[in-house]
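Number of protein chains: 2
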Amino acid sequence: MAIVLDAMGGDHAPQAIVAGAVQATRSSQFPIVLVGRQDMLEAELRKHDTTGLPLSIQHAPDVIAMHDHATAVRQRPESSIRVACDLVKQGEGQALVSAGHSGATMAAALMGFGRIAGISRPALIALIPARTSHPTLLIDMGANADCKPLQLQQFGLMGSIYAEQVYGVENPKVGLLSIGEEPSKGNELSLAAYTLLEEAPLNFVGNIEGRHILSEAVDVVTCDGFTGNVALKTLEGAAEYISALLKAELRASPRTVLGALLARPAFNRVRARMDYEEYGGAPLVGLNSAVIIAHGRSSAKAMTNALHLAHRTVAMDVTGKINQRVAELLSGSETSPA
Amino acid sequence: MAIVLDAMGGDHAPQAIVAGAVQATRSSQFPIVLVGRQDMLEAELRKHDTTGLPLSIQHAPDVIAMHDHATAVRQRPESSIRVACDLVKQGEGQALVSAGHSGATMAAALMGFGRIAGISRPALIALIPARTSHPTLLIDMGANADCKPLQLQQFGLMGSIYAEQVYGVENPKVGLLSIGEEPSKGNELSLAAYTLLEEAPLNFVGNIEGRHILSEAVDVVTCDGFTGNVALKTLEGAAEYISALLKAELRASPRTVLGALLARPAFNRVRARMDYEEYGGAPLVGLNSAVIIAHGRSSAKAMTNALHLAHRTVAMDVTGKINQRVAELLSGSETSPA
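If you read the sequences in order, they're chains A and B. Everything in the first sequence is counted per the numbering used here, starting at 1 for the first residue and increasing by one. Everything in the second sequence is counted per the numbering used here, starting at 1 for the first residue and increasing by one.
There could be a bad hint or two in this list.
No copy is singled out in the list; a pair is fine if it fits within one copy or between any two copies.
To be verified - Quick list of in silico lysine-lysine cross-link-like pairs, DSBU-like style, CA-CA up to 30 Å: (1) LYS301 x LYS321; (2) LYS301 x LYS247; (3) LYS173 x LYS247; (4) LYS47 x LYS148.
Worth flagging that the hints you see were computed from the coordinates, not collected in a lab. The structure presented is a predicted model; accordingly, all values stated were derived computationally and were not measured.
Looking at chain A on its own, in the form it has when it is part of the complex (with noise of 0.2 Å):
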């Protein structure tokens, strides 16, 4: 198996990528194909002793920007994003990874994949740090900002999948994000859902809040992608928020300086718990090959662990497995009495 990285995507490419790259077929030998402008690789590979590690490239003139429309893939098939998904949808490789225009890398991988049989829509995947164990995944986290019910229910299950095969997570417990805990409090396609999620072959706990996303409660959050970005951007504005006003009070006294720099360690305990890197990027579900889309900001480190992900992705053969679970939920569906 390989994985197919759009070494041209991402505010940090080609440097960063390809740095990220080499440093994962260092520290586990898995293939990568490096796709982009064949000098500008080699001229960042050359930068490494990648002396016996299973790197190549393949070559691809044009790149999204990541002021182009989304739509603009489909009139570039030489675009670093096109070209990676074909070698793909050839079987050169059983992941695609980029950190480039993450519209643009979707409508791709949608447009090269397509669909699982029997999902509505494919759905991102944030993976929050509530924990030290395993991240809890919120989907949908924006790939789609109208739902309805059978899509929160189908982002549940995939989710479900997900934790369990990737973060070895037994049973799941999957929410549906609402504003209330009980079954009675919602919106329209929340309260529609919560019936779906009920008769799915999952370990739904039911309604969560707002409040729950960083607790334990659940390993699964489901909701809409628009709920769900929202959710997940206050989440990341709020920590800014608070860090930004402590580090402003923290200076404000000789005492309070001191006292900061003794408890730096914890400091940096607690930002290291929350940084974003060291999940590499966000899942994309419910298509035919695994997608890994990365944070366009990526390092070098973020992009090592996002191969990282996209490698287990395949090795645990989530697709093969949603594909199966769907299939499952879809014949039950037909011969249940209602």
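For this one, chain A is given, so just place chain B on it according to the hints.
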């Protein structure tokens, strides 16, 4: 003018509620009518020196409990919240404050006061401590789980008037909570609301993301009550999580314990900044009387602040201003060429 207070509502009622009312009349001489069981309220008042304070009691034998259904108010005219609403309706007071069952309070207030002409739905404002000069107003924070675009426009308008009148914000910046700053980003509801907000007589600055709620980018955030409630609870959860994480890490070694001790004044100032008690409650706007929904957990201090907020809401005639601006908006749209 007088404030009518449901003295039986809240986790710490009537003790904390009465104590908060006593304090409010001490610091500002507006009359307060305490509604509830005469014997209990008299006993509570005897605990304080109330000489010369403008406090009175209106007997109400019944109480809506937290576990009751909100619709119970319809059948229980002798409950403290219903009696309190009746007093306001009869002109005995100009604002209602309650820390009791929030659903029941909203139902009783809607039933008793009615909507301002032209206002589709009343909405709850969350006061978020995003800066020291004035809070950021998030509207709706949960009164309306499913909304129409017009309601989001009206929420923006009501929030803008509230920020202007009660907090003295000049030309308040109103942002629409969405999943990207570009006008093209959002769900069906937010995209339609965007157009209506552009047309409204307010300072609409476009979409904001969850991470901007705590920034100083806007003074007012408009959104449907489902999204608003999820965002607000997520903020609360993030603050609690980071605080707990930091506490645990600070306890990990003698060095960081000492650091924490020295840094304590800074931690206390950050905590004070994030303290919901400072604002006391959530204004419910869009009805023909001022209403403040205080937190169920309200302490005496929170209650005092809720009463001051109610006083200011009445003094600045927020209800009248909303009435007037909505009438202008509606007459404007009737004569517009569209």
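Hint by hint, here is what the structure shows:
Proximity of LYS301 and LYS321 under a CA criterion of 30 Å is satisfied intra-copy only: 29 Å inside one chain copy versus 55 Å between copies. In this assembly of identical chains, LYS301 and LYS247 lie within 30 Å of each other by CA distance both inside one copy and across copies; the values are 26 Å within and 28 Å between. Taking the closest pair of Cα atoms, LYS173 and LYS247 come within 30 Å of each other only across two copies (27 Å); inside a single copy the shortest separation is 36 Å, beyond that limit. Taking the shortest Cα distances, LYS47 and LYS148 never come within 30 Å of each other, neither inside one copy (49 Å) nor across copies (56 Å).
Figure legend: structure checked against the earlier numbered hints; the only hint not met is number 4.
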